[in-house]
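Peer 1: Listed here are the chains, written in short residue letters.
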Amino acid sequence: MASGKINILSRGLLKENPVFILMLGLCPTLGVTTQVINALGMGAGVIFVLVFSNIFVSLLKDIIPGSVRIPSYIVIIAAFVTIVEMMMHAFAPSIYSSLGIFLPLIVVNCIILGRAEAFANKNSIVDSFLDAIGMGVGFTLALLLIALIREVFGSGTITLFAMGSFDGVIEIPILYTYPVRVLTLAAGALLLMGYLKGFFEWYSKRKRG
Amino acid sequence: MKNFAKIGITLALIASIAAAALAFINSVTAPRIAAYDAMVVEMTLKEVAHDYAIGDKRTIDDDGTVTAVHPLTDSEGATAGYILSLTGNGYGGPFTMMASYLADGTVVDARLLTNSETPGLGKKAENPSYMEKFQGTGNDNPVPQKKDELSKEDADAVGGSTITFTGVSKTLAYGSAYVKELGGK
Chain A
0 MASGKINILS
10 RGLLKENPVF
20 ILMLGLCPTL
30 GVTTQVINAL
40 GMGAGVIFVL
50 VFSNIFVSLL
60 KDIIPGSVRI
70 PSYIVIIAAF
80 VTIVEMMMHA
90 FAPSIYSSLG
100 IFLPLIVVNC
110 IILGRAEAFA
120 NKNSIVDSFL
130 DAIGMGVGFT
140 LALLLIALIR
150 EVFGSGTITL
160 FAMGSFDGVI
170 EIPILYTYPV
180 RVLTLAAGAL
190 LLMGYLKGFF
200 EWYSKRKRG
Chain B
0 MKNFAKIGIT
10 LALIASIAAA
20 ALAFINSVTA
30 PRIAAYDAMV
40 VEMTLKEVAH
50 DYAIGDKRTI
60 DDDGTVTAVH
70 PLTDSEGATA
80 GYILSLTGNG
90 YGGPFTMMAS
100 YLADGTVVDA
110 RLLTNSETPG
120 LGKKAENPSY
130 MEKFQGTGND
140 NPVPQKKDEL
150 SKEDADAVGG
160 STITFTGVSK
170 TLAYGSAYVK
180 ELGGK
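Protein sequences, first through last, are from chains A and B.
Each residue of the first sequence is one higher than the one before, starting from 0 at the first, in numbering that gives the first Met the number 0.
Each residue of the second sequence is one higher than the one before, starting from 0 at the first, in numbering that gives the first Met the number 0.
Treat each hint with caution, since some may be false.
To be verified - Estimated spans, in silico, between C-beta atoms of each pair:
id: 1; chain 1: A; residue 1: Ser2; chain 2: B; residue 2: Asp155; range: 53 to 61 Å
id: 2; chain 1: B; residue 1: Ala34; chain 2: A; residue 2: Phe160; range: 20 to 28 Å
id: 3; chain 1: A; residue 1: Gly193; chain 2: B; residue 2: Thr72; range: 41 to 49 Å
id: 4; chain 1: B; residue 1: Ile59; chain 2: A; residue 2: Met22; range: 42 to 50 Å
Hints in this document: simulated from the structure, not taken from any laboratory.
We put the CB at the ideal spot given by N, CA and C, even for glycine.
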């Protein structure tokens, strides 16, 4: 029983990673990963929405009539996305402005609707919560990996939170002067995504033996 | 029929609870958001005004590019120039900017505000130093509108984001002409 719970929690990290294995939510993945801070902001937003939408979908699964379940999920998800949007605008305006259109687009992020439809409406609240945490963290880690590679090689910087005298930007000596520009563009994101997908494919095949 | 009503009521109930929750969150965050937006405008005004005093805002409704005018006065109280709130089109869509001009149309300073330019390329126009190449132009010296009108270093700085550059310079040139027409009023 305990191992089942751990499995629900951990499979989103690698075995069923939403980005690299399930290939869900690729549009925001490619769109926001130009800076590490954007990946963190987007990841936090998705975890928040995923956790609450999974909990509420699981809670209401016996009340929501089957024929209108998708509209109901969308209303629930849209409500939480709007909450995240308003909170970020008020308390983290710089992340809000750099995430731009991708923040409201979490509503139609297929990871969230996918987990509501494929998992939360059939399972208990605790399992749905664990699933949301696992998938959300898996998504965030994937974003972080892509953003780190794209920002370090594409711009020669690592952008984090500004604290006190530290302005939040770490500059990497040689790469800052001679960055590989293509990585900051959409084409570079697709190229990198292809290589990473290839790597994870090779990795999971090798593991299965 | 009964089933139909049940489905409708359930959906309406979910939607109204969601709406109520959002209304509550909005009442908490709206004042903070408004205060932040006002602060950004205030800070930008101060930055582009340099040493001039900022007068009362006039909203412009009948111009596609200029949305507001703030007169600038020098230490003796005479009108020295204007700060214009401008909208233009960049690579990623519309942007807003704020630019200060002397009464003869010379660009004093400018800042790019909301925009959807490409990070690492067009987004560089957000840096105050990006606008240095426009300073002092607009009167005898026209606002540079093409890359070959720039010095080599400046042309390199806008390389890879030509559309952003033309968008910004066109908007600035339009503002300069607009200020000339105001004629110190």
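Peer 1: For which of the previously enumerated hints does the structure constitute a violation, in increasing order of number?
Peer 2: 3
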